[in-house]
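Participant: Protein chains in written order, with my numbering: chain A, 1 to 602; chain B, 1 to 602.
If you are wondering where the hints come from, they were derived from the structure by calculation, not from laboratory data. Watch out, some of these pointers could steer you wrong.
Label pairs and their computed distance ranges (CB to CB) [what the hints assert, rightly or not]: (1) Gly-89/A <-> Ile-283/B: 40 to 46 Å; (2) Asp-281/A <-> Lys-233/B: 54 to 60 Å; (3) Pro-420/A <-> Gly-68/B: 53 to 59 Å.
Capping the alpha-carbon separation at 16 Å, the derived lysine to aspartate or glutamate pairs in EDC-like fashion look like this [as the list claims (entries may be wrong)]: (4) Lys-425/B <-> Asp-538/A; (5) Lys-447/B <-> Asp-470/A; (6) Lys-446/B <-> Asp-91/A; (7) Lys-446/A <-> Asp-470/B; (8) Lys-6/B <-> Glu-43/B; (9) Lys-447/B <-> Asp-91/A; (10) Lys-446/A <-> Asp-91/B; (11) Lys-447/A <-> Glu-535/A; (12) Lys-446/B <-> Asp-470/A; (13) Lys-569/B <-> Asp-565/A.
Beta carbons: idealized from backbone N, C-alpha and C, even for Gly.
Protein chains: 2
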Amino acid sequence: MDTVSKINRLRDHMKEVGVDVALIPTSDCHNSEYAAPCFKLREYLSGFTGSAGTLIVGMDEAVLYTDGRYFIQAARELEGSGIELMKSGTDGVPKIRDYLKKVCPAGKTLYFDTSLFTAEKGLEMAEDHPGAGSVDLDIGQIWPERPALDFKPVFILGEQYSGMSISDKLTKIRAKMSDANADAHVLSSLDDIAWILNLRGNDIEYCPLFYSYLIILRDEAYLYANIDDDAIKDHLKGSGVTLCNYEDFFDDLDNSTIIGTGCRVLLDKKEISYRIYSSLDRIGAKMIFKSNPSKLMKAVKNPVEADNIRKAHIIDAIAMIKFEKWLHESIRDDIPLTELSVASKLSGLRSEAGSYVSDSFETICAFNDNAAIVHYSADADSDTVIRTPGILLVDSGGHYLEGTTDITRTYALFSDKNRPEWSDKFKHDYTLVAISMLRLMNCRFKKGTRGSALDAIARQPLWNAGLDFDHGTGHGVGYLLNVHEGPNRISFRSSGVSDDAVFEAGMVTSDEPGVYVEGRYGIRIENLILCVEDENNDFGSFLSFEPLTMVPLDLNAIDTSIMSDEDIKALNSYHEMVYETISPYLDINTGEYLRKATERIS
Amino acid sequence: MDTVSKINRLRDHMKEVGVDVALIPTSDCHNSEYAAPCFKLREYLSGFTGSAGTLIVGMDEAVLYTDGRYFIQAARELEGSGIELMKSGTDGVPKIRDYLKKVCPAGKTLYFDTSLFTAEKGLEMAEDHPGAGSVDLDIGQIWPERPALDFKPVFILGEQYSGMSISDKLTKIRAKMSDANADAHVLSSLDDIAWILNLRGNDIEYCPLFYSYLIILRDEAYLYANIDDDAIKDHLKGSGVTLCNYEDFFDDLDNSTIIGTGCRVLLDKKEISYRIYSSLDRIGAKMIFKSNPSKLMKAVKNPVEADNIRKAHIIDAIAMIKFEKWLHESIRDDIPLTELSVASKLSGLRSEAGSYVSDSFETICAFNDNAAIVHYSADADSDTVIRTPGILLVDSGGHYLEGTTDITRTYALFSDKNRPEWSDKFKHDYTLVAISMLRLMNCRFKKGTRGSALDAIARQPLWNAGLDFDHGTGHGVGYLLNVHEGPNRISFRSSGVSDDAVFEAGMVTSDEPGVYVEGRYGIRIENLILCVEDENNDFGSFLSFEPLTMVPLDLNAIDTSIMSDEDIKALNSYHEMVYETISPYLDINTGEYLRKATERIS
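Just chain A, same shape as in the assembly:
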C-alpha cells in the first residue's frame, strides 16, 4: 500500500471516530530516541525512514516536520506522498505548536497518544487544545500489519564493567530523593533503568535496552519488565528490587498499589509520559519535577567504566584499521564495492571481538553526494557502487561489554593520478574539518563551562571560511546504553537551554564537525573524547579532553598549506598516540599499514 492510500485510510478512520487532526510523533512510551518496530507508526504512515520527525495529518493537508539532518532524505522519501516537508528551524516554518494552533483551532479535535508524549509536551498540548488526547484512534485499523512488542532476553552487566553495584546506585539516588523531600521516584527512561540495575537487553535495534518502568521508594524498588531468568531475579532481589510484569505498570499506578495519594514523587517531566503524569495527577500524588538523578550520574563515568571505555576504543580501533586497510586494498585491486558491502564488512570486523554486543547504530556508509545527506543510510534501492575518484564517509560504532564507540572517518579515494577537478576544494574543506575536530579535542577550559560555550572552538575555523554544518558538534555517549545520551552535548544552539550541562570529568562526548556540499560530497570527522581534570592554578581549575578514538585521519585528504604549525603539530601528536596505542595489537602487515597512515606531515 502506498503512502497516499495509507493517509487516506487514516483520514477515513479519523472521520469515523471524530478526529480532525492527528499528531503522530517518532517515539515509544519511554521517550527513547530509537524505538522498537511496533512504535514506528510515523514511518509506516509517511514513508519517511529518518530517526526524527513528526507527522501531522488533517483532512486537507498533511505535513512532516524534521530537522536539518534529514532535509534532503525526507524530501526524497516524501516525493509523491502528498505530505509536505516542514524544515524545522528554517525561516518561515512555524513551530509545531503554532502550526497545530492554526490547523486545529478551538472546536476541532486533536488526536495524540498521551503515552508517546512527555508530560511537558502533553501539558502544553492540553493548554493549547483542551480535551486533546481524549479521543483514541484504533491503531490496528490504520496499521493492520503492526508487529507486537517483542521482549528479548536481558543480561547482567557485571561490576567489572559497571564499576558500581545496584545498591550503591540506589543509595546515591535515594540521597537525591531525600534532598528533594521525595518519597518515590518514577522512571520510564530505558537507559536510566538499565544503568541503575546493571542490566542490559536487546528490545530496540542497536540499543542494548529492555522495555521497563522503575519505581524507587525510600526502602524498596519495583521493576516492571518481562524477565524470566532466575539469576536476574536473584540479582535484583539482593538489592531490594521486586520484579513485576511490564503490562501491570499502569494498573498499579491507577490503583495506587505502590504510590498513594499525597505521596511525593520525583520525576522528570521531560522524560516520563503525559500518561504517567495524568495517572499520578488523578490519584492525587504530589509531583516534584526534577531531572532524573541517574541522568547525570551515568553521564559521569566512574574510573572502572572509564578504563573499560579506553579498552573498548582499542578494540574498536583494531577493527577500524583492519577495515581501512581492506578498503584501500580493495579499491587498489578493483574489487567491486558498494555502500552496503562496505558497511557489512566493517560490521563483520567489529563482531570478531569477544566482547562485541552489537553495532551501536546503523552504519552510515555514504559515497559522494549521498554523504551530503547527513544521516543517510543505504538500502537496497539506494545502494551505490564505490568508484574512484570519490569520497566515502563512514560513520559507525560498536557496543562492547567495555563500552560504546562512535566514529566517523571520511576517505579521499583518489590519487595524484586520478585527481578529480574538485579535489582542491574538497581538501580545503576536509582539512578545516580536521582542524575543527582537533582544536576541540585539544582545548582546555575552565570548570563551569557548558557545552554551548565550547562549540565555537570547533566551528571557528569553518565559520571563518564561510562554512558550517547543520547538526550539533557533540553528543554524550552512554556506556553500552544509548549512543546519544545527555545531558552533556556541544552545540552553540543549546545556549540558553536549561539542560545544557556543565562539563564534568568523566563525561564522554563526541567531537564531530563536518561540511556537507549538496550534490557533491559530505565530510565528517568524529572522535569520542573523555572529559578529564587538568591544571589547577591561581587562575582556577581547568578541564580538558582525552582522545578515546584511536584511528588515523586520512592524510590523503589533508592540505597542509592551510594549517598553522600548531594544527600540524596537533595532527602529528594525535597520529603518534594512535600508532603507539594500537600498533602493539596489530599483525605486521596491518601495523605497517598503520605506520604509513600515521606518518608525520609537515
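We have chain A; now place chain B onto it with these hints.
Facilitator: Quick look at chain B alone, frame taken from chain A:
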C-alpha cells in the same frame, strides 16, 4: 565616623524599630548600575567603594558580598571594619538568598527597601521572608549627612544623533505592547526612558541620564521627571508625552490616576522595583512580565547611530593617541607622573572635543600591582607614582554626542636597557591577551549565536596556557547612555541564562580579555566592536564584528614568537586600519608617533 561606629549606630536603630537583619544593596530606585550620591548608603555604611556589593547587617555579624572584580579592593577597604567579605561565586560561599535564610529564619524581621529591589528579587524575598520589607528604617537617623536627590538640567538629543524620532520609537514600542495585548507599559529604567524620549541628563556621575518614570498607554504617555524647560516640554508635547512631577509617580500609581484596575500592564520584573509591582498589584492591574521592548531596540543601533559611533571613536582615538605620545615623552623626560595625574591628563584631552559630554566612567589608571585589582580606582590615598620599569593599565572612555567609547590599553613602560626580570612572563601574558582580543574581534559566526557561545574564541588562547580572567569578555555599550548596557554580552558564564542575547547586526559590545597577576601586574586590552552582517551563502547567514576602537596596541609588550602567522597578520591589519583611519586627523608629530606605534611586526 568610622565604619564600626556607623554599623553600631545602624544596629541601635534596628533594635529601636524591631529589625533583626538589614539588607542594603547597591542600587537606586531605577535598578541603575551606578547611582546618585543619595543612594550610596551601602558605601557610606561599609566603606567599600566598589560599584557592586550587598551589605547584610545582623546583630552579631555583618557581611559584604561582592564579585571577582572587587575581591582585592574590598578586602583592603573592609579591613578593621568588622564586616566579613563574602566572595560571590567562590567555593563555600552561600548565595545571598541562602545566607539570608540562615541568619534571618522565620520569626526574625528582615529590613529591605522595596524601592531598591527589582520585582523579581522582591518576590523571592517575600517568599523566603513573609512580611519582610514592612518595617522601615529611618535613613536620616543612620545617615545624617545624606545628600538630597539633585535634578540636573536635561537636554534634547537631536535626530542627527539619535536617528529616530520619539514618535517612531513610541510607535514601535506600542506595536510590541499590542503583540502582548497590553494597555499600558511602565518603565523605570533611566536608559530606556532617555533613549525613547531622545533626552539626556546628568543626574548620575558619568551617566547622561535623568531620574524619571515613564508610563506609555496606547495613545498617550506620561513622563515623571523634574524638567523646567519649555523647549523640552514642546519636544515632548509634540509626541504626545505629558510631563508630570517625578515625586507624583507613586501617588498616581496608588490612586489609579493613569492605570486602573484590570488594566493590562507590560513591565519587566527584572527592571521595575518591587515597590512598583506592589502598587500595581494592590490596585488590581494585570501585569504582563516581559523585557522592555526598548531594551533590544536601543541595543541594535540604527544606521545614523552607527555612523555617529564610528565618528565618536575617531574623536576618542585622537585623544588617546595624543595621550599615549604625551605619556611616553613624559616618561622619557623623567617628568613626575602619578595614576591620578595621568588620568586627569587623559580626561583633559578628551574634553577638548567639541561634542564631548563627560567621561563615560571613572578612569581606571592602575600601575603595576594596582592593576591586578580589576576595577581599581586611584584616590588621594592610593595614588601611586609611575616609575620605569613598570606596567600601566588605563581603562577609560568618553561620552560624546556621537556616542560612547570604552577602551583599555596596557603599556609596558620599559626598554631593552631597563628590562625587568619578569618582562618575559609579562610579554607572554600580554601577547596572549592581544591574541584573544584580536581573535574575537575578527571572528565570523552564524546568525543565532549568543554571546555565551562566542566567549571561548577569546578565552581559548588563555585557557590553553592555563590562564583566565574573572570577568566577562564583553558588555553591551549604550549610545550616550550607560557604558554597560545589555542585553548583549559575551561571557561563557551567561550560558543557560535567559537573557543571554542572540547577536544582531548593530549591537555594540566590548571585547576585553585580561590577565591579572596579584601583586605584580594586570593586563587588559579592550576594543569596542560593532556587530555587522557578513556572508550569506549555502551554509547560512553569518555575522562578524567591525572594530570601532582605533588605537594601537603597545608593540613594546608583544612577543611575536608565540603568535601564529594569522595572529601577526591580524595585528598588522588592525594597526594598518588604525593608521589609515586616524592619521589624517593628526598633526605631523602625532602622526609620526602613530606611524611608529603601528609599524608592521613579523
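Participant: Now tell me, hint by hint, if it's right for this structure.
Facilitator: Going down the list of hints, with the structure as the test:
1. Gly-89/A <-> Ile-283/B: 40 to 46 Å: At roughly 43 Å between Cβ atoms, Ile-283/B and Gly-89/A fall inside 40 to 46 Å, so the hint holds.
2. Asp-281/A <-> Lys-233/B: 54 to 60 Å: holds (59 Å)
3. Pro-420/A <-> Gly-68/B: 53 to 59 Å: holds (55 Å)
4. Lys-425/B <-> Asp-538/A: Holds, at roughly 15 Å.
5. Lys-447/B <-> Asp-470/A: holds (13 Å)
6. Lys-446/B <-> Asp-91/A: Holds - the C-alpha atoms of Asp-91/A and Lys-446/B are around 14 Å apart, at most 16 Å.
7. Lys-446/A <-> Asp-470/B: holds (11 Å)
8. Lys-6/B <-> Glu-43/B: With a Cα-Cα distance of about 11 Å, the restraint between Lys-6/B and Glu-43/B holds, given a limit of 16 Å.
9. Lys-447/B <-> Asp-91/A: holds (12 Å)
10. Lys-446/A <-> Asp-91/B: holds (14 Å)
11. Lys-447/A <-> Glu-535/A: holds (10 Å)
12. Lys-446/B <-> Asp-470/A: Roughly 11 Å separates the two Cα atoms, so the pair holds.
13. Lys-569/B <-> Asp-565/A: Status holds; Cα separation ~15 Å.
Going down the numbered hints, you'll see the structure goes against none, and every one checks out.
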